[in-house]
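> Working from the sequences, and respecting the hints, build out all of it.
Number of protein chains: 2
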Amino acid sequence: MKIITTIAEARDCVRASRRDGKRIGLVPTMGALHAGHGALIERAVAECDFVVVSLFVNPTQFAPTEDLARYPRTFEQDKAYCEKLGADVIFAPAAGEMYPQEQITWVTVEKLTDKLCGASRPGHFRGVTTVCAKLFNITTPDVAYFGQKDAQQAVVIRRMIADLNLPLEIRVCPIVREPDGLAMSSRNRYLSPDERQRAVCLHHALEHSRQRAAEGCRDAATLISEMQAIIENARGRIDYINIVDTETLESIARIGQPCLVALAVHIGSTRLIDNCILDLK
Amino acid sequence: MKIITTIAEARDCVRASRRDGKRIGLVPTMGALHAGHGALIERAVAECDFVVVSLFVNPTQFAPTEDLARYPRTFEQDKAYCEKLGADVIFAPAAGEMYPQEQITWVTVEKLTDKLCGASRPGHFRGVTTVCAKLFNITTPDVAYFGQKDAQQAVVIRRMIADLNLPLEIRVCPIVREPDGLAMSSRNRYLSPDERQRAVCLHHALEHSRQRAAEGCRDAATLISEMQAIIENARGRIDYINIVDTETLESIARIGQPCLVALAVHIGSTRLIDNCILDLK
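Here the protein sequences come in this chain order: A and B.
Take the first sequence: its letters are residues 1 to 281, numbered as in the working numbering.
Take the second sequence: its letters are residues 282 to 562, numbered as in the working numbering.
The set of hints was computed from the structure by calculation and includes no laboratory data.
Yeah, the Cβ is synthetic: ideal placement off N, Cα and C, and Gly gets one too.
One should not assume that every hint holds.
What the hints assert, rightly or not - Some but not every residue of chain A turned toward chain B, in silico, with C-beta under 10 angstroms:
id, residue
1, 3
2, 148
3, 150
4, 164
To be verified - Stretch-level coverage of chain A by chain B, calculated; a stretch enters the list once three of its residues show a Cβ under 8 angstroms from a Cβ in chain B:
id, stretch
5, 99–107
6, 110–116
7, 154–163
8, 221–231
As structure tokens, then:
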């Protein structure tokens, strides 16, 4: 496995693979890899001939008040993990390689980005779409792999690919969970032991909504308020809980079509997100 | 020469060329081709192995008040001209092929687009950068050719390519002029015979500034006011006349470094632009 830090090297090595007719897969990550990322890399290795894992903590998707500085960096472990899973290349550029001058060009996706996480993290998705466009242009993948845990991100990137005619497909892979149900996240390591126990409330709230819907409850407001009680009972501070259309991300009032139940909750000072899809067919 | 109207066909034919190791050139146009476009196509044919000319009157770069509906469409002549010059493919999609659903993803370049033409045509450059990103992603050129007449557009696209790491180079080709000096433009055909005669005032004003600078005048305000007099004398209605840095497009007060003298003028109801570079070295 090769470790690459410059854009020029990345272009060279994908050019060579492309010339050999290889199918290129990209797994864009911010490092601090866990089994959720692992599932993306495994799927990429299974489906592609040449797999690039990018490790880049992208400054433009963090607000000044957010956790850019303390975001976990675990390069040596990430390297060993990628190697074990069969990735071909790690692309780990420094911030100055990705942003050598002031970034004045932005890719923005309207409408889908002003709700859910976009409402509480202004500018976040502009940073995500812009860095993904850059990574796609540098590594020219046939397929890029994203996790369903970042459900809104997946919807936004999918739309960006369609609207800009980017020549790649996207695969969105299921959420990977800890044994107690907590969704894997690089930010879970911020949690104290007590917070770690309470953090499972996000999963419990989602499971409750799934069960209540299966029992026949169709009213979104009822489900949301019951989820709210579960979160508050675990002393979680709710950023949002919403039930939305899986494509437009617009709130829905009655559970009918497949919908996304999504929530963001602060456990102590750590913001966690989780979601599930309700499909009653 | 092939005529292609769908994105799928365009992808197929550039994929085949790329597999054969060909160098792909793209000349993005809105059709109504003239000798200025011709120079771009000739250069592309000279430098590349496979040349795509796109003909697409892009609705997203026109404001509702502008001339989208009456913009000249001369497809049969354009076709014959491209064929004569040796283009390999014309890509002429309908608006519904390029924008099959509401476009909510936009590529924007800040700062460079709020001046000169950007100030009088809000949204124009967002439409230009977005459609160019789409055309680049569809035709995956190694080189794209633009005309220096749209000087601001060239600066904006160059910056977009750098900021988004788009895998292509840009070539900017000199302005082609009519025998009396009027810059070639698809919009020249809107001019009445009287307006056509008066339209040469843009070129005269630029030549005047070039001569005055060569004689030693270094004061931008003086040059601008003398150019203004020349335009007004020909009953042109000035949108802007400015002298700016060739990269940042910021106004400059004294002619020192290479600078861009740019103007936009209404002759009757037709808006014309022209420019020259002053480099006193």
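> Tell me the numbers of any earlier hints that the structure contravenes, in ascending order.
Structure breaks hints 1, 2, 3 and 8.
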